[in-house]
Amino acid sequence: GNSVTQMEGPVTLSEEAFLTINCTYTATGYPSLFWYVQYPGEGLQLLLKATKADDKGSNKGFEATYRKETTSFHLEKGSVQVSDSAVYFCALNPGGSEKLVFGKGTKLTVNP
Amino acid sequence: GAGVSQTPSNKVTEKGKYVELRCDPISGHTALYWYRQSLGQGPEFLIYFQGTGAADDSGLPNDRFFAVRPEGSVSTLKIQRTERGDSAVYLCASSPNPGTGQETQYFGPGTRLLVL
Numbered sequence: 001g002n003s004v005t006q007m008e009g010p011v012t013l014s015e016e017a018f019l020t021i022n023c024t025y026t027a028t029g030y031p032s033l034f035w036y037v038q039y040p041g042e043g044l045q046l047l048l049k050a051t052k053a054d055d056k057g058s059n060k061g062f063e064a065t066y067r068k069e070t071t072s073f074h075l076e077k078g079s080v081q082v083s084d085s086a087v088y089f090c091a092l093n094p095g096g097s098e099k100l101v102f103g104k105g106t107k108l109t110v111n112p
Numbered sequence: 001g002a003g004v005s006q007t008p009s010n011k012v013t014e015k016g017k018y019v020e021l022r023c024d025p026i027s028g029h030t031a032l033y034w035y036r037q038s039l040g041q042g043p044e045f046l047i048y049f050q051g052t053g054a055a056d057d058s059g060l061p062n063d064r065f066f067a068v069r070p071e072g073s074v075s076t077l078k079i080q081r082t083e084r085g086d087s088a089v090y091l092c093a094s095s096p097n098p099g100t101g102q103e104t105q106y107f108g109p110g111t112r113l114l115v116l
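So the sequences go chain by chain: A and B.
In this text, residue positions in the first sequence follow the working numbering: the first is 1, and each later residue adds one.
In this text, residue positions in the second sequence follow the working numbering: the first is 1, and each later residue adds one.
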């Protein structure tokens, strides 16, 4: 079946620290991969995506590379800010339907 | 422009009652999705509409759950004989041009359902 595994949270960092949130997936076929973010009091919104192997998605200083050989899509940011505090969800679209399969989410708190 | 809206934002009901949750997608978006998010979990797919028809309803947990989108815009998720385990946040999303598996889905704020 199709599934997404994210690193357990919560993650607490100081401002300007380096961030990595691990995400691995299991999928039949060739999925598209996504990171969605939920800021406090707001709805889920797309952060970045990659649709084929070796693609790199990037947005707002965040990056993730679609690694088919390791079935991973780890989220990274070189220098986090307090405003990055949110819950981050890794997701995949397995193809054949438009549904998304989400991980459990990782809560990030960035302290000044 | 306006985003996806959902009403009510909160709903408290008693076990065994019937509830309806409404979703108003972004104007012009042909695809509409329902997900359910339990505490501490990621969203779980329920059903996807392309236009008026349900293109994939494989995520509906049982026959107490039903959704409609009669005019290809607003959708209603209906839950009969609610159970305490139905308590969750119900999320709606829409997208403009589905079909590739690469589409960004735009999410609403959710309806928080509590079944007592």
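Accuracy of the hints is not assured; some may be wrong.
Cut-off 27 Å, straight-line C-alpha distance, at most; resulting in silico cross-link-like pairs (DSS-like, lysine-lysine) [as the list claims (entries may be wrong)]:
#1 A/Lys56 with A/Lys104
#2 A/Lys107 with B/Lys11
#3 B/Lys11 with A/Lys104
#4 B/Lys78 with B/Lys15
It should be emphasised that the hints constitute simulated quantities derived from the structure, not laboratory data.
For each hint, the structure was consulted:
no. : hint                  : result
1   : A/Lys56 with A/Lys104 : holds (22 Å)
2   : A/Lys107 with B/Lys11 : holds (26 Å)
3   : B/Lys11 with A/Lys104 : holds (24 Å)
4   : B/Lys78 with B/Lys15  : holds (14 Å)
Figure legend: structure checked against the earlier numbered hints; every hint is met.
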